[in-house]
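Visitor: Take a look at the letters that make up each chain.
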Amino acid sequence: MNRPVEAAAARRSGLGLVVGAFVLVLGWRGCVVCTQWWNEPQLLREFDSIRQFEQDVIPNSANTRLVFCQDTREGIGIYFCDAAGGKPRLLCEQKEKGHSWKRFTMLGWAPDDSLFACGFPDNKRNQELILIFQGRTGEPAGQVVADENLYHLAWLSTNALAYSSRTCVRVVTRQANGSWVHTRYFQDVAASIEDFTTVSASLVAWRDGGGIWLFDFASASAEKIWEATTNRLVEFTYSTDANEFLLNCSDEAGQYLSRLRLGAKQAIMLERIGTQLDYIRNAVWSRTAHAATYAWLTNDPAGSAFCIKTASPDAPVTVPWHGGVRSFTLSGGQLFFLGYADNEPPGIWRYDLGSQAFDCIVRSTSGPLKNSLGQPATVRLMTNSLGEQRFYHLWTPRRIAPNKRYPLLLAQEHNTWFPCFQLAALCGCFAAVADRPSWHTWNGQHERTWTEDVGSLYELMAQNPSVDTNRVYLYACSAETFYLSRLVADRPALAKGAILFSPGALPDPSILQDKNILIVAGKADANAIKRCPEFQDHAAAQGSAITLFFQDDAGHMVASGAAERNRASRLYQFLSCSR
Amino acid sequence: MFPMTVDAASLNASPASAIRERLANRLHSFQKQLCLDTGVQSKLIQYFISSVTALLGAFAAALFLCNIANAKLVEPRDPLFALRTSTLFWILGMEATAVALACVYARPSRFKLGVVLWFAATVAIYRLGLQWQGVHNLCGYTASLAHTFGLSNGFAIALLNLLFSYLFTGSAALLLWDCLAGPGETELKGACIHCGGHLAFSSSRLGQTVPCPHCSKETPLRKPGMRKMSCYFCKGHIEFPTHAIGQKISCPHCKMDITLK
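Chains as they are written, first to last, in numbering that gives the first Met the number 0: chain A, 0 to 578; chain B, 0 to 260.
No lab work stands behind these hints: they were computed from the structure. Keep in mind that a hint or two might mislead.
Unchecked claim - For the chain A half of the interface with chain B, some residues (derived, Cβ under 7 Å), not all of them:
#  : residue
1  : 16
2  : 17
3  : 525
4  : 528
5  : 535
6  : 536
7  : 539
8  : 542
9  : 543
10 : 544
11 : 547
12 : 548
13 : 576
By construction, the Cβ of each residue, glycine as well, lies at the ideal position given by its N, Cα and C atoms.
Bound-form chain A, shown alone (with noise of 0.2 Å):
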């Protein structure tokens, strides 16, 4: 061989060798990389299929029609349906793109059922809207610009509603060419207004701190007329038939009822419900007799239950159900809730009294899951190191090979159906969630005992041969972030890493030390967007890998299906990269 033909012959080669290289590596993962939209795992897909409820479901007085908050691609609406069946109405949308903190208020229906409102956070003009809408089709009927922040709304009658702020109430009502405009202002009535009732066409009652106010349009004054002393208020329904308050009272022992009829300055204690695990809401006093009738929600290790005591003076239905609930409305002879059943989607379900049968009116999706996104966990109650009893879920790996060790994934989060959880099982980790107490307690401090909880859990679930102690993570999002960043600083060792959405604080980077953090927050999220890069950089300069995704669009809390799906596949990814 000559040197020309070995010099050419060597550059061939060599050039095969980079070709080779780069389809060597491109051709193994490039193709994966490439089509991983395409190639996105199923139950992703699935679980954008899913649009999630938010809020409270609002039926109209007859129970014949609801109101209710769902999800939709791009943002969030309010829809509209009949509660025997049919498809929803989308009435209004707010998209992602601009979706500010403040989301759609359910303002509910006038006292005759024609009309129902609710409040629209329009960004485009910063201002939110009093939308009211026909009761019977669900067309538009007017629409008023709130000139306060919106945060309550009582109809006074099928003419006027009233609606506060934070400290200001404001009364609109309906002029004879039909539209509406606000005819009395009142500022600075309360310190903070809470349950917002009509009383009468003249008088409105709330709730500030512990003491029921009402306030009398006719004077512009208000007057507190019961306060709580030995216990704390929850919350409180009037009746107008009865003129009576029913309060909803909390105290070491668990929730209470009591009577406080108008004009009195006692109230009557009825009766004593559940314990500090059990949570009572939407007591309402029966237009048909003068009793109490009133529903709650209590877990144990066999599932949930709702408690429906009825007007008779029989001992309270107890109506098994097993699945999560996000929030309940007792209204007439059925209660209706936004939940979902073990191994299904979730949705707005029905249970009827008198039938003593529950129905699903509204479904998340069009069909069953096929992923195991609905896979139940196996709830259980733990001590945590305040001594607090706590339920948790536990999601599991789909297979457990008996010599092997799996991730643990810890959070404390409501018992909602929440996928993040289903998806850490299916990436083969363990994911133990502790039950939230305020879902069952309403004390107000919703993450209080964050660390508590999840530091118990960590050392029950420790226990597990299964588990391996080596690579755990903590989940958090918005506020639990502080007791994260608490838990990371007090026990360094204690995680392998974490998963913050949304983060309202940040560990110190100083402490991290081969780490691996997974971030996700929205565009729109100023402080996100400030201080996630800066702490990023902190903490890679000390070892540890802070996987850091800002959503487009998206603000400090996501509304839309779109934004959810993208949280969750980032957590997949996370996950299956850390097994």
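On the provided structure of chain A, position chain B as indicated by the hints.
Guide: Below, chain B alone, put in the same frame as chain A:
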């Protein structure tokens, strides 16, 4: 006091100069020994360059793929240049591609080794800079690369360390060997004595006889030079390089077509 006389011979025979001489002799003999191993050396260099080409190609592809796969992620900034990791990966990937292409297309082996050494040294210096800035663990910067290929962070860093150690030590050692072995090879050009076809060969093969790649006849590899001839028609003098033998040209004097011989 004793008188001291120092002559030139005694100066030449001083211990320092003796050591210098001995070293020169040893180096010379070492060089001769190395020269004897030129075949082994060139083969080693060839294997090394080939492996480096493949490794750098794969490395560049991995970096590019990582950047494509993680395009939507926010990457950390490096403490030295405040550049995003993805930007660094693009730069590093392009450098690696350029070095790989240089290994393919450049001819002098010393140049190839030098480029590889430069690349490896640049990365090593950058790594030292990070160390100086307090970055003792690279996990924070290589995580996206590791995740793209489903590898653990530690394993990815071990692979990178192995790669750059190989590039650095391999290129440095071979370059040193090549330098110690004597002057580098230069490429010469000549022509086949039978057909006049072009031949390019290294200076070390001067004088060897090889089969011509064009006519397959045995031809000696000779130093290039100028040849002279007279035009067949006008007898005018024509001077041309040896590698132009066999070409047909127009005579610069009479413009008739002639073949250079």
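Visitor: The structure should be examined with respect to each hint, and the outcome stated for every one.
Guide: Hint-by-hint comparison with the structure:
no., hint, result
1, 16, "holds, 4 Å"
2, 17, "holds, 4 Å"
3, 525, "violated, 15 Å"
4, 528, "violated, 10 Å"
5, 535, "holds, 5 Å"
6, 536, "holds, 5 Å"
7, 539, "holds, 3 Å"
8, 542, "holds, 3 Å"
9, 543, "holds, 6 Å"
10, 544, "holds, 3 Å"
11, 547, "holds, 4 Å"
12, 548, "holds, 6 Å"
13, 576, "holds, 4 Å"
The structure fails to meet hints 3, 4 from the earlier list, while all remaining hints are met.
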